[in-house]
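Trainee: For reference, the chains in residue letters:
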Amino acid sequence: MTVSAPITAEEAVSCIRTGDTVMVGGFGLVGAPLTLIDALVEHSDASDLTIVSNNIGEPGRGLGRLLRQGRIRRGISSYFTSNPEAVAAVNAGELAATLVPQGTFAEAIRAGGAGIGGFYTPVGAGTVLAEGKEERLLDGVRHVLEEPLRADVALVYAARADPLGNLWYRRTARNFNPVMATAAKITVAEVGELLPLGALEPESVVTPHLYVDYLVVRS
Amino acid sequence: MTGDVKARIAERAALELRAGEIVNLGIGIPNLIPAFLPQGSGVVLHTENGLLGVGPRPGVEELDPDLIDAAKQPITALPGAAYFDSAASFAMIRGGHVDVAALGALEVSAAGDIANWAVPGKDVLGVGGAMDLVVGARKVIVTMTATSSGGEPKVVAECRYPLTAAGVADVIVTELSVFRFVDGELRLTELLGDATVDDVAAVTTAPFVVSLEESRVPL
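Residue numbers (the working numbering), protein chains in the order written: chain Z, 1 to 219; chain D, 220 to 438.
No lab work stands behind these hints: they were computed from the structure.
Keep in mind that a hint or two might mislead.
What the hints assert, rightly or not - Below, in silico cross-link-like pairs of lysine to any residue (SDA-like), each with a Cα-Cα straight-line distance of 25 Å or less:
hint : chain 1 : residue 1 : chain 2 : residue 2
1    : D       : Lys291    : D       : Ala301
2    : D       : Lys341    : Z       : Ala96
3    : D       : Lys358    : D       : Asp283
4    : D       : Lys341    : Z       : Arg171
5    : D       : Lys291    : Z       : Gly60
6    : Z       : Lys133    : D       : Tyr380
7    : Z       : Lys133    : D       : Lys291
8    : D       : Lys291    : Z       : Arg68
9    : Z       : Lys133    : D       : Asp342
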């Protein structure tokens with residue numbers, strides 16, 4: 001969809017409903033859409049959420065705030081350990097955890113956005129993370145079938161955007177944001193800077209605007 | 220484990236790296252390796268959160284909140300560096316385009332199995348990119364102390380801890396020695412410092428063959 005004017009963070013998070021699956025970009029807090037997460041914490045009562053994010057924030061920061069509100073039912077992540085409160089919530093039975101190797105996590109999101117029904121990867125074969133998954137010997141190597149990840153809403157962060165929603169990322173704040181922008185029914189991009197149309201070099205656009213539904217300017 | 224022991228392991232591991240190699244360094248001892256690479260080593264560092272061409276740690280005036288490594292520590296980018304998203308980064312890793320992964324481990328078995336991400340009943344909630352890296356990198360160097368903090372051997376007949384991957388280790392560097400996996404055989408190829416074969420055997424439960432090469436440690 002094509003964006004028009006930016007909306008407020010409060011308006012943007014109103015599209016998240018109880019029971020939704022929400023992708024949230026960022027590697028730790030770097031590249032995380034912190035304004036949108038704060039709005040979700042302060043201006044939404046959607047609960048029972050499945051969060052797809054590399055980490056569940058940090059204690060009391062980013063997604064760690066949403067966790068403290070008890071609104072995350074399940075986390076799909078590669079590294080819960082960076083938030084000890086997430087580990088404690090799992091151990092207390094308050095948070096269901098699906099642990100995924102980081103590259104499989106990224107590829108599953110890419111597959112979700114690219115209309116791929118699943119893929120075989122050698123990563124994880126023969127480990128506890130592959131238990132219960134279909135396995136195949138391909139070219140003599142054990143592979144595990146991984147299913148794609150998709151979401152109702154993706155919250156991503158990009159340093160720069162144009163009014164159509166073309167996105168440009170800065171340094172390692174790119175991480176999971178571009179793939180997550182492709183894999184949800186609704187993608188909201190929080191942007192550091194909104195540039196006039198034509199100010200982004202077409203060759204430097206990382207996420208073309210057709211993936212982006214709403215823009216929110218970082219506060 | 221003293222910092223001195225860790226530094227000695229990193230110093231020896233640095234000698235494994237060659238000009239032109241693309242190298243991914245894990246958290247802990249591997250992160251100490253760059254300090255032991257000579258000026259102009261030609262080794263190119265990759266970090267899985269999205270950068271090829273990692274430079275030295277920044278000074279205070281160079282700190283950039285958008286520029287971190289996979290350990291979430293601040294870094295710099297060298298001239299000629301390239302940024303990419305997480306799916307592309309792990310495609311590089313799984314696709315065999317990263318030459319070397321150096322990482323720490325809890326245990327390595329006689330068959331080259333690596334256990335480095337989980338202690339049963341304690342921490343099974345953070346895997347990060349470890350499984351992808353050991354499966355995808357062409358050469359896997361394990362840097363670790365010969366024994367755990369509790370004095371237990373870490374080069375073992377069979378891993379007790381959950382596996383990261385089976386049969387993937389190529390080299391093990393400890394403070395006592397270097398082991399290499401050659402033709403499915405674990406070989407003790409080098410003694411470090413004043414360690415003897417008996418010293419190594421006393422803390423190694425994996426069967427190994429003594430096949431000492433000339434020491435490459437500068438006197």
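Trainee: Against this structure, judge whether each hint is valid.
Mentor: Cross-check of the supplied hints:
no.	hint	result
1	Lys291(D) <-> Ala301(D)	holds (18 Å)
2	Lys341(D) <-> Ala96(Z)	holds (16 Å)
3	Lys358(D) <-> Asp283(D)	violated (32 Å)
4	Lys341(D) <-> Arg171(Z)	violated (35 Å)
5	Lys291(D) <-> Gly60(Z)	holds (18 Å)
6	Lys133(Z) <-> Tyr380(D)	holds (21 Å)
7	Lys133(Z) <-> Lys291(D)	violated (31 Å)
8	Lys291(D) <-> Arg68(Z)	holds (23 Å)
9	Lys133(Z) <-> Asp342(D)	holds (22 Å)
In this structure, the hints that do not hold are numbers 3, 4, 7, in rising order.
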